[in-house]
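J.: This is what each chain is made of:
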Amino acid sequence: MTAIRRRLEAATLPVAALSTLALLTLLFYYPVGRVLSEAILREGRFTLEPLLSVLADPFFFGVLAQAAEDPSVLWTAIEPHQLGPITYPFPNYKLGLFGFTAYQALLSTIASIALGLPGAYVLARFEFPGRKTIRSLTAVPFVMPSIMVAIGFIATFGRNGVLNTALTAVGLPRIELLYTLPIIVLAHAFYDAPLIARVTATAWESVDAGTAETARSLGASPRRAFVDVVFPQLLPAILTGALLTFIFSFMSFAIVLALGGLRLATVEVWVYHRVNQLDYGGASTLVTLEMLFSLVLTYAYLQYEARQRAESAARPAPRKPLFGRLNTDRVAVWGYVAVALVVFVTPMASMLLASVTGPNGFTLANYEFLVSRQLTAEAFQIKPLTAIRNSLLYGVGSLAIAVPMGVLLAVVSTRDVPGSKLIDTLSMAPFAVSGVVVGLGLLQGLVFGTTVFGYRFTVTGAVAVVAAHAVGAYPFVTRNVAPLLATIDRSVVESARTLGASRFRVLLDIELPQVFAGVVAGAAFAFAISIGEFDSTVILASGSSAYTMPVAIERFIGRRLGPATAMGCVLLVVTAASFLVIDRLGEGRGM
Amino acid sequence: MARIELDGVRKTFADAVALEAVSLTVEEGEFFTLVGPSGCGKTTTLRAIAGLSSPTAGTVRFDGEDVSDTPVEDRNVGVVFQSYALFPHMTVAENVRYGLRFTDPPRGLTTDERVEELLELVDLPGMGDREPDELSGGQQQRVALARALAPAPDVLLLDEPMSALDARLREQLRRAIKRIQQELGVTTVYVTHDQEEALAVSDRLAVMHDGGVEQVGTPVEVYERPETEFVASFVGENNVFSGVVADRDGDELAVDVGATGTDGATDANATTGTNPTTDAAASGEEIFHVAAGDADAAVGDRVTFCVRPAALSPETGHNRFPVALETTEYLGGITRLYGEWAGGEIVLRLPEPPADDTITVGFDPADAIVL
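Chains as they are written, first to last, in our numbering: chain A, 1 to 591; chain B, 592 to 962.
Careful, some of the hints might be misleading.
Here are a few chain A residues that face chain B, going by a calculated C-beta distance under 8 Å [unchecked claim]:
(1) Ala209
(2) Ala212
(3) Val492
(4) Glu494
(5) Ser495
(6) Arg497
(7) Leu508
(8) Ile510
A few chain A residues facing chain B, derived, Cβ under 8 Å [said to hold, decoys possible]:
(9) Thr346
(10) Ala349
(11) Thr498
(12) Leu499
Each pair of labels, with its calculated beta carbon distance range [what the hints assert, rightly or not]:
(13) Val811(B) to Arg7(A): 24 to 32 Å
(14) Thr460(A) to Asp695(B): 30 to 38 Å
(15) Val371(A) to His680(B): 43 to 51 Å
(16) Arg893(B) to Thr425(A): 54 to 62 Å
(17) Glu812(B) to Ala11(A): 45 to 53 Å
(18) Tyr30(A) to Arg721(B): 46 to 54 Å
(19) Asp947(B) to Ala220(A): 30 to 38 Å
Derived by calculation from the structure, the hints in this document are not laboratory data. Don't be surprised by glycine CBs; every beta carbon is placed ideally from N, CA and C.
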């Protein structure tokens, strides 16, 4: 009897790992592969013609498309820009869809660095009440639904937003920021500046005070010591954050869709547009090119990240009190705090405010609408409560798939299992593939159906949505659990083995109890990501009743801003609850 | 209890040979030590016995039965690691009890009785409800020992169990381990880099070097009759000389070290026993008379011999040579001196440091060991 149990236990881990890989193949690799094959197969035959025609199309690549014939046209894409007294060359809009996408990503990266670095300075070098809270808040963007951020920006900067109301109140003319590049860049900075602040502050805290002190003792001024000794130690973190920001902004979808529309379309938005026009072939071609680009960037990022070792400092420099005699340092910091408050707090506050105000002041009409529309909605209209129910259901569903999958992959990636490096890389691929691609792949591969051994195999929209969410969420579980698993001394595991435990028993008895906090934090991440996921959901839910809160918000924008903000607030509450769990248990590890 | 046999056990990692065909036998109930500098293969050998890593070639047998393919959880071994490796989310008693989930306690004891018995054995009675992090390093290591012994293993494997402890605790725990081992009579393999510890606790020991076994024997055999230059210099301090046999008179060799001088003194922590031989021609012909022992060296043969520092004395009339002193270390009751002769380093142990910076010492032919 025991012998049989032992056999079973010995087989559990390999079988679980194989089923995880099979699931990953079904939910991710097959759908994405389907999109790729769509791009390079025409009537069953391999062809690069669609890809090449996109590459040569000025609509997509602007002057780059003509560069093969006449490289000198490249110069026309660079124009002198004026910044105060300085004139500098900068790319203009003649770069086509891909060029523009990269251009806005570049601007977003610069803005995020500009907004994030001072934040890193404040977090790493000053002491003040609430520092730890603010520090953990920098992890919020990872779980913040992009469409919610968009609605916050509309509530702030829209035609009747908080900004224009304030301007009108003091007799100034209104400004139109919606559907402009600056608002998109600012929204991306809202997302990514905290990321840059976070990684840089972490690096800053691990700079040993002794290095700067040694430089000072050798004759360097404080400024020289910073430039020569401290900054070089921060640079890798800044570049890591910048690269990530560029990737995120390049693949940004919901924010550009809501704040820029087709006029400022990026590749993702254009792909969505093609999908809505039922041009799946064209969408696949674009997505393939985009994916090649983002995979290269992600590979570069991973290579770069792998070369950095996170060491904790022997002795970090002491923090300065934030409240104290006003010197130039503190004045600058307070100035930054004011800007940060406007950028980071106003959008969410405006959304809350807009949800409870109407033409006649305070009102709950927007929330009442969510309930009453539920009863009166036509078949083609969104039922608000159904959206909330769907979101919660899908959240639980994705949790149920993503947590075991993520934990298993964490185990495989941290223990010496044959092929663990490869599995690790393959399993992290969803990071580099946008939700739109996954959505498109699942739509074509599973929702439209596929034929396996003569059987037609289709899934409903709801199942596909859960699948897409699980694919987006499980890397976060892995990333929360793997670092904790790695801290468990190998000899602890070996001790348990020598005492008679099978590998699977060791996982249950010894490892999981010790990484439990990471598992819960990963689960909260998974839930929050599912709740906020928009990119793939909006594709999979089109024309079906599988819509979620973010999709409902997007449908309401444009027509009914009030209910959109009310729905945004509901989303905010659910997301905030998840974040509390993450903060208590996960400390945003590995992100 | 089991008799352990390693037969041609070899282990290679990606690009390096960790173990070269090691063959050893550990007798039933024996306290056997693997000692050597880091990287010598001693831990690899222990892990092969435990089943924590599978050898590239060769077999491991327990009581004559091939266990090479038996997974670690079925080998019935107890292992204690340097890092204690206690399960941090379990109390002391839960740690000790863990192995009893997979096997019944011996002698019909209940699980609780067995746990308490072991805590008493390691001098931690009544500590079962403590959390591991409430204990000192020495106490944690005792818990680890109790945990390893709870399922009554056939073999106890100790991988540098005391390296993380300070010197005093180490000696205490060393005595405790020896006492417990004798009480239980469990076959024990102990890995250490500390040759002094190895001499102190072992029934027999194997000195390892570069993935191979240099010598196996009792502590007295290994210390007094080292078979290789590495063993001579690794186990205790030694002065190693080499030269050519100029004459043989029965059991005594006349060795001319003038042409080659001394290989130099080597201390116990050196990883290699040979210093570059220096040119001692300046001192001309230098004949030492040494006891041949088992060596069947003939005139003209090149031989290496060693002399322990304590055997070099200013009072001895034989084999005298001058040593230019360089460093003095007072060790309490005795002084260690490092000096130079014929281009090689000489280490001495004298009751009193000499007044001059040169001292002439000699050694009895019987105190020299020809390797």
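J.: Do Arg893(B) and Thr425(A) keep their Cβ atoms within the hinted range of 54 to 62 Å?
T.: Holds, at about 57 Å.
J.: Should the hint that Ala209(A) touches chain B count as held when the rule is a Cβ pair under 8 Å?
T.: 29 Å, violated
J.: Quick check on the hint: Thr346(A) CB to chain B CB, less than 8 Å?
T.: 45 Å, violated
J.: Is 24 to 32 Å right for how far apart the beta carbons of Val811(B) and Arg7(A) are?
T.: Distance hint for Val811(B), Arg7(A) is violated at roughly 49 Å.
J.: Hold the hint about Thr498(A) up to the distance rule: shortest CB distance to chain B must be less than 8 Å.
T.: This hint holds: Thr498(A) lies near chain B, its Cβ roughly 4 Å from the closest one there, short of 8 Å.
J.: Take a look at whether the Cβ-Cβ distance between Thr460(A) and Asp695(B) falls inside 30 to 38 Å.
T.: Because 53 Å falls outside the window, the suggested range is violated.
J.: Okay, Glu812(B) versus Ala11(A) on CB: inside 45 to 53 Å?
T.: 49 Å, holds
J.: Is the interface hint for Leu508(A) satisfied, with its Cβ closer than 8 Å to some Cβ of chain B?
T.: 11 Å, violated
J.: Go ahead and decide if the range 30 to 38 Å is satisfied by the Cβ distance of Asp947(B) to Ala220(A).
T.: Cβ of Asp947(B) to Cβ of Ala220(A): about 51 Å, so the range 30 to 38 Å is violated.
J.: Does Glu494(A) hold up as a contact with chain B if the rule is Cβ-Cβ below 8 Å?
T.: Interface hint status for Glu494(A): holds (5 Å vs cutoff 8 Å).
J.: Any CB of chain B closer than 8 Å to the CB of Ser495(A)?
T.: 4 Å, holds
J.: Holds or violated: is there a CB of chain B closer than 8 Å to the CB of Val492(A)?
T.: 4 Å, holds
In summary, the numbered hints that this structure violates are 1, 2, 7, 9, 10, 13, 14, 19.
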